[in-house]
Structures are given as structure tokens and as C-alpha cells.
Amino acid sequence: MVLVKNGQVASDYWQHIEDTDPLPQAGAVTISWARWLSERDSITRGPSELGVRLPNTIAADDVGADAGRFGLITVTYPNIGDGRAYSQARILRSRAAFKGEIRAIGSVVRDQLQFMQRCGIDAFELPEKALTEDWLAALSEFDLFYQPAEDSRPWIARQRHGRN
Amino acid sequence: MYRYDEFDRRFLEERVAQYRDQVRRRLIGQLTEEEFRPLRLRNGLYLQLHAYMYRIAIPYGTLSPAQLRMLAYIARKYDRGYGHFTTRQNIQFNWIKLEESPDIMADLASVEMHSIQTSGNCIRNTTSDPFAGVADDEIEDPRPYCEIIRQWSTLHPEFSWLPRKFKIAVSASAKDRAAVHVHDIGLYLVRNAAGEVGFQVLVGGGLGRTPIMAKVLRDFLPKQDLLSYLEAALRVYNEYGRRDNIYKARIKILVQALGIDKMRDAVEAEWSKMDHEPLDLTKETIAGIYKHFAPPAYGKPERDDDAVINTAIAADKKFSRWLKHNVANHKQPGYSIATVSLKPPGKPPGDITADQLDLLAELSERHGFGEVRVTHEQNVVFPDVRRGDLVAFYASLASSGLGTANIGLASDIIACPGLDYCSLANARSIPIAERLGEHLAAREEEIGPMKIKISGCINACGHHHVGHIGILGVDKNGEEFYQITVGGSADELSAVGIIVGRAVPSDEVNGAVDKLLDVYLAQRDDGEDLPATFRRIGMEPFKEAVYGTR
Numbered sequence: 007m008v009l010v011k012n013g014q015v016a017s018d019y020w021q022h023i024e025d026t027d028p029l030p031q032a033g034a035v036t037i038s039w040a041r042w043l044s045e046r047d048s049i050t051r052g053p054s055e056l057g058v059r060l061p062n063t064i065a066a067d068d069v070g071a072d073a074g075r076f077g078l079i080t081v082t083y084p085n086i087g088d089g090r091a092y093s094q095a096r097i098l099r100s101r102a103a104f105k106g107e108i109r110a111i112g113s114v115v116r117d118q119l120q121f122m123q124r125c126g127i128d129a130f131e132l133p134e135k136a137l138t139e140d141w142l143a144a145l146s147e148f149d150l151f152y153q154p155a156e157d158s159r160p161w162i163a164r165q166r167h168g169r170n
Numbered sequence: 012m013y014r015y016d017e018f019d020r021r022f023l024e025e026r027v028a029q030y031r032d033q034v035r036r037r038l039i040g041q042l043t044e045e046e047f048r049p050l051r052l053r054n055g056l057y058l059q060l061h062a063y064m065y066r067i068a069i070p071y072g073t074l075s076p077a078q079l080r081m082l083a084y085i086a087r088k089y090d091r092g093y094g095h096f097t098t099r100q101n102i103q104f105n106w107i108k109l110e111e112s113p114d115i116m117a118d119l120a121s122v123e124m125h126s127i128q129t130s131g132n133c134i135r136n137t138t139s140d141p142f143a144g145v146a147d148d149e150i151e152d153p154r155p156y157c158e159i160i161r162q163w164s165t166l167h168p169e170f171s172w173l174p175r176k177f178k179i180a181v182s183a184s185a186k187d188r189a190a191v192h193v194h195d196i197g198l199y200l201v202r203n204a205a206g207e208v209g210f211q212v213l214v215g216g217g218l219g220r221t222p223i224m225a226k227v228l229r230d231f232l233p234k235q236d237l238l239s240y241l242e243a244a245l246r247v248y249n250e251y252g253r254r255d256n257i258y259k260a261r262i263k264i265l266v267q268a269l270g271i272d273k274m275r276d277a278v279e280a281e282w283s284k285m286d287h288e289p290l291d292l293t294k295e296t297i298a299g300i301y302k303h304f305a306p307p308a309y310g311k312p313e314r315d316d317d318a319v320i321n322t323a324i325a326a327d328k329k330f331s332r333w334l335k336h337n338v339a340n341h342k343q344p345g346y347s348i349a350t351v352s353l354k355p356p357g358k359p360p361g362d363i364t365a366d367q368l369d370l371l372a373e374l375s376e377r378h379g380f381g382e383v384r385v386t387h388e389q390n391v392v393f394p395d396v397r398r399g400d401l402v403a404f405y406a407s408l409a410s411s412g413l414g415t416a417n418i419g420l421a422s423d424i425i426a427c428p429g430l431d432y433c434s435l436a437n438a439r440s441i442p443i444a445e446r447l448g449e450h451l452a453a454r455e456e457e458i459g460p461m462k463i464k465i466s467g468c469i470n471a472c473g474h475h476h477v478g479h480i481g482i483l484g485v486d487k488n489g490e491e492f493y494q495i496t497v498g499g500s501a502d503e504l505s506a507v508g509i510i511v512g513r514a515v516p517s518d519e520v521n522g523a524v525d526k527l528l529d530v531y532l533a534q535r536d537d538g539e540d541l542p543a544t545f546r547r548i549g550m551e552p553f554k555e556a557v558y559g560t561r
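Protein sequences appear in the order of chains A and B. According to the numbering used here, the first sequence is numbered sequentially starting from 7. According to the numbering used here, the second sequence is numbered sequentially starting from 12.
Think of the hints as simulated: they come from the structure by calculation, not from any bench. No experiment lies behind these values; they were computed from the predicted model shown. Think of the CB as a built atom: it goes at the ideal place given N, C-alpha and C, for glycine as much as any other residue. Just to be clear, a hint being listed does not mean it is correct.
[Stated by the list, open to error] Here are the simulated lysine to any residue pairs, SDA-like style, with alpha carbons at most 20 angstroms apart:
| # | chain 1 | residue 1 | chain 2 | residue 2 |
| --- | --- | --- | --- | --- |
| 1 | B | K311 | B | K294 |
| 2 | A | K135 | B | K302 |
| 3 | B | K302 | A | G168 |
| 4 | B | K294 | A | R75 |
| 5 | A | K135 | B | T43 |
| 6 | B | K259 | A | K135 |
[Said to hold, decoys possible] A few chain B residues facing chain A, derived, Cβ under 8 angstroms:
| # | residue |
| --- | --- |
| 7 | Q29 |
| 8 | N132 |
| 9 | H167 |
| 10 | K273 |
| 11 | D286 |
| 12 | P289 |
| 13 | T322 |
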């Protein structure tokens, strides 16, 4: 796995803890959404040390007020065609006002990276075989967009009227 | 019509470059076919039985002369000299090479056309009334809203990987010429009690193996809210539409499962939580798009228009027939809407040759303001023909095999490409349409308005469910059979046709249709179309005519 964050290859300092394993005393960890629901009251870690892995079947609005507890939320792409995580990411950014890292995991496809990025996803787990430089180029294949999204880029209807 | 600005042009250049690179990666083996497939589909490239098929979007059906000529060029250079207009205002070329497809896309971009989202589980080409802007029964021109939807939906980052394809149609007339009820979202421009124009929003229509008519999601949506509301509906679908079964994945199944009231609650709840402001259509945005669709500089009616036409009617029965069936009223005095039939007897419905495309381009400049519309019924509309020019216009068409006078009649058959081309089909559609059209031409004048629609499989691209008479190809142990339905309708009184009885072999289709038509002619009241007669008298007489008494 190659982690790309904010457009650059990055090292992953998060440990992804299985439900059957105990949480380490210190360090940044992610846990499953199910574990969060059952252990939330006993977890005392701050957001810089706590992330959650969100299945794509959970309504992102359910994260709601909890979003501030997390420094990382992973969203899942089971395959190229399952686009639920795009909506989840947008809702996390726009409604839960989540400012931490949103990381795409699962079947992350080069030609979808810019869609993901526009929906507010700022980190990607690329497959080992990915030609990283070529994949990073996918993030800037388009610089014109027909609709607003969760990135801060201008969109065409506004640009036409001289507004950003 | 809408003309691209610098933004549209640069955007399309970026898309062509992206696609060219995707094809390159496929050809050098960096992408497997499985990885490449969803990417090519989102650019309209299918792998069919014999070759790649390339589907090009014709947004709300409008084409300029330069675009028609480019399609002719593509037909000659990359295909076998002809194309095929589909039932959703697209055109398809059937004999394409993968290596050449990026060049075709670049050629299209040079005339402000593309193939973006003509396939794949994303928002497809937005379709509309082919008489938009010139119909005499229109509340407001629907095309600007189609263009607004086209732009918003193009490479939408959230809605490009939906559970299934998503089709939107917009109409603004009392008479529905856009089959709005069979779309995932249908929009009617309507006026509310306060006299404001907005949208009635329908949801969950569709054909395929589960034909369902759309239901009202919202009675009145102010114009400025169009995109935010669509975004709310699409988001509900993206999150909750089924993804476990391709045949249950359209939004119609979600609406059916939830019920329209719960669906409405879900969309309204999402809409109320969304930040609308970025998507609000400002007056200046709407006006900016609207000016592309300003009426052309119409001339005054000529005093001798009627004399010219009346002389021709008296002298030429063929012209008189064409005038009766292919020409409709225009909102501007002195002008007519003329429909060119692509259903000549014995030819594949919707096919058009490169030479005919060139001719239409020339005629659109001579008899109009350089614009034609393709229809979901696979014909071509000339929206602005001067009444006094109709005789000359018809003469040009007739001399090129385009003078068939059958619009809305029994031989104006809709058909999908069927097993002659399509990898999904169970049976052929085109030869059935050719033979049936030829057979019925002799009596279609007596029959009057009649919609016959043929699909080569249950995916229903030929809209057979909503044909007055529908014909569906089925496979029975390797043999092609045809199941016949009656009573369907795609207009404002939309209905799904009912199966008459067991499927018949191909050589019995003409006979069975004849018997259904005999019942209709014998039983109809004045002014009744077949669905109306069917509603009144029921299935029994039709069934008995075809299969005998039990």
C-alpha cells in the first residue's frame, strides 16, 4: 500500500486495530465504526490519536457530533462502481464540518482520484502496483469544473460571472 | 442554440486528453479490460457483438449544420457510412475501432459535441421535447434548463458512480413529446397558483424488466432550486439505491420499496439539511443560458404562402399526405415545424447515411436558422420552416429518400438495434420493424395515429412497454419469438402495455398485429387512440382475435 496525502506520498503513522485486538496505550489508532459505537464511552483518546473506519453502508449524518472526536475517518470503496463513499465524504465535510483527514481505502482507482478529492477526500491508499507519479498526475487532470463540491476550487457557472 | 464558451471548450479538451491517455494505458496493457470497461463506458464506448459501438450525446436533441456535417464525416471516416439515432436523442456508430476512438472524440470536440456519460451508471444525456421553443402549447422553453442540468451533471464528482444509470427529461407542454413518465427524474415546467413558473418533479419512472411510471415527488419547485433539489434526490439514491442486484438498482425500485411518500420525506429531509446557496440558480445564471435560446429573427408571413401550398396539395397527393402527417403548428405565424421521417418502408428505424446527414445540414441552412432536433422516436425535426418553403423543402427530401409521410402512423416504428448489433439482445428488432412497417404502410392512413415499439430484449431500449402495440423479442431454446402487448402509452396519460398472450414466431408477427388493429378499427369510438379503446373494452376482444376462443 502506498499512502498519498495532500497530493504527496506520505508515511502512515496510524495503526489500524482489529476489533479482536486491544487498543495500545498510546499512539494513533483507527478502530471500526462498530467498535466505536460499543466502546465510545470508555475511549478517552484525543482526536490526534483516534480514527474511525466507516463502512459505506452507514449514513454519514450518523457520525454527526462525534466527528470532532476523530482525527481520521476512512471511507471505503469496495469496487470501482460503488460510489456511496463520495456522498459520505461530502456530508462529513459539509455538515459534520469534519476538518481531519478523510482517507479513501479499498478499491482506489487512478481515474477516480479527482472525483474523490473534489468530494473532500484528502488521502488515498493506493495499491502497491500503482505508478505513483502517474497517479498523482490524475489529481490535476481537470482544472475546470461544472459544479461546486467540497474543494475550494471555483466552478464554471461562477467563473462566468467573474466570481469564485 | 447553446454555443460553447472558453470554459466549455477547455473542459472538453481536458476530457479528450484524459480519454486518450486511458486508451493508451489500455493498449499498452497498464489497464486490464475489466479496469478499462467502466472508463470507456463513461465515454460512450461499448463493446458489441461485432465491434465497438460509440454513442454520442446530442443534448436535448439539438444539432447545428456543422455538427451534422461532422457526424457525416465520422460516419465516412471511422464507420461504414451511416449512423443510428437512438431513443434517447443520441447517435450511435456501430463499427468503431478502439484505437481511433480518441480521434473521434477530438473531432467531436471541434464542433462542441461529446460522448460524456452516454453510458455507465451515471447521469445520462438530458432529453427534451423536440418541439421545444417552437411548440404552440409551451409554458416556457425547457432547453435552458436542460443545458443547466447538462453542465451540472457533467463529471459530477458525487454522482458518477451511482447504483445504476440515471435519466432525466424535461418538458414544458401540455402534450408530452419527451416520454417524461418513463424517466428516473422527469421535470414538467408548470405554472403555480401565483402565476410563477417552476417544475413539477416526477421520480422513479423507467422501462426495462420492471416498467413503472414515474410518481410526483414535488408539485412545485421554484426554478432557483432546481439543482439543489436534484442533488438531494440523487444523494438519497446514491446512498440508498440497491447495489446487490443490477435489475433492482434503478431509482424506480427504491421508490417502489419505500413508497413515494417516504421517498419524498427522504429527499425533502436531505434537501433541508443541504447548503443550497452554492447551487442556487441566480437570475443572472438563468439569463446567461437563456440568451443562447433566444428566438431567431422570424420574418413576416408571405401573402401567397397558402396559395403555394394549396396548389401543391391539389397537384401532388404525396406532398399533401406529407403535409398532413409530418408538419405541425408553429407558435410563429408563417412558420411550420416539419418532421423528417427516418422510417422509410423496409429500412432500419433511425438509421441515417452520411449523405443524408450532409443534406439535412444544407437544408437546415436553407429552410431554417441552422438547427435540427433529433427525436426520441428516431426522426429529425426542422423547427423553423417557412410555410411558403414547405413545397420546396419536401421536394428536396423526397428526392433523397427522406420524404416518407408517416410521422405518428403505424410504420413510424421505434426499434432498438436488437440482435443485429447488440450484445444484450435475445432477438432481432430491425428486420421485424422493417417487415411490419412495410406491411402496415398500405393501411396506416386508415388506422391513424399509432405507436408501435419493438425491443430485442427485456432491457426495453425500443420502449415496447409504452407502445400502443409493443413487441418484445424473446429467446425460446435458441429461437426468436415475439411477445406482444397492447394499450401502452408514453404521453401524458402514460401506461404500461399488457401482454396479449404467448409469444409468436417472427413470421407470425405481422398477422398478429393485423388482428389487433382489426379489433381496434372495429371497436374504436371517434377520436379514440388504441390505448383509449383498450381502456374501454379491455383485453378479451384483442386476445380472442389473435389466439381464438378457448
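Status of the hints after comparison with the structure:
1. B:K311 / B:K294: Given pair B:K311, B:K294 is violated - Cα atoms ~32 angstroms apart, limit 20 angstroms.
2. A:K135 / B:K302: 50 angstroms, violated
3. B:K302 / A:G168: This hinted pair holds, its Cα atoms lying about 18 angstroms apart.
4. B:K294 / A:R75: Given that 20 angstroms is the threshold and the Cα spacing comes to 42 angstroms, the pair is violated.
5. A:K135 / B:T43: Roughly 13 angstroms between the alpha carbons, so the hint for A:K135 and B:T43 holds.
6. B:K259 / A:K135: Between B:K259 and A:K135 the Cα gap is close to 35 angstroms, so the pair fails against 20 angstroms, i.e. violated.
7. Q29: 5 angstroms, holds
8. N132: 6 angstroms, holds
9. H167: 6 angstroms, holds
10. K273: Violated: closest Cβ of chain A sits about 15 angstroms from B:K273, beyond 8 angstroms.
11. D286: 6 angstroms, holds
12. P289: 4 angstroms, holds
13. T322: 51 angstroms, violated
In terms of the numbered hints stated before, the structure departs from hints 1, 2, 4, 6, 10 and 13, listed from lowest to highest.
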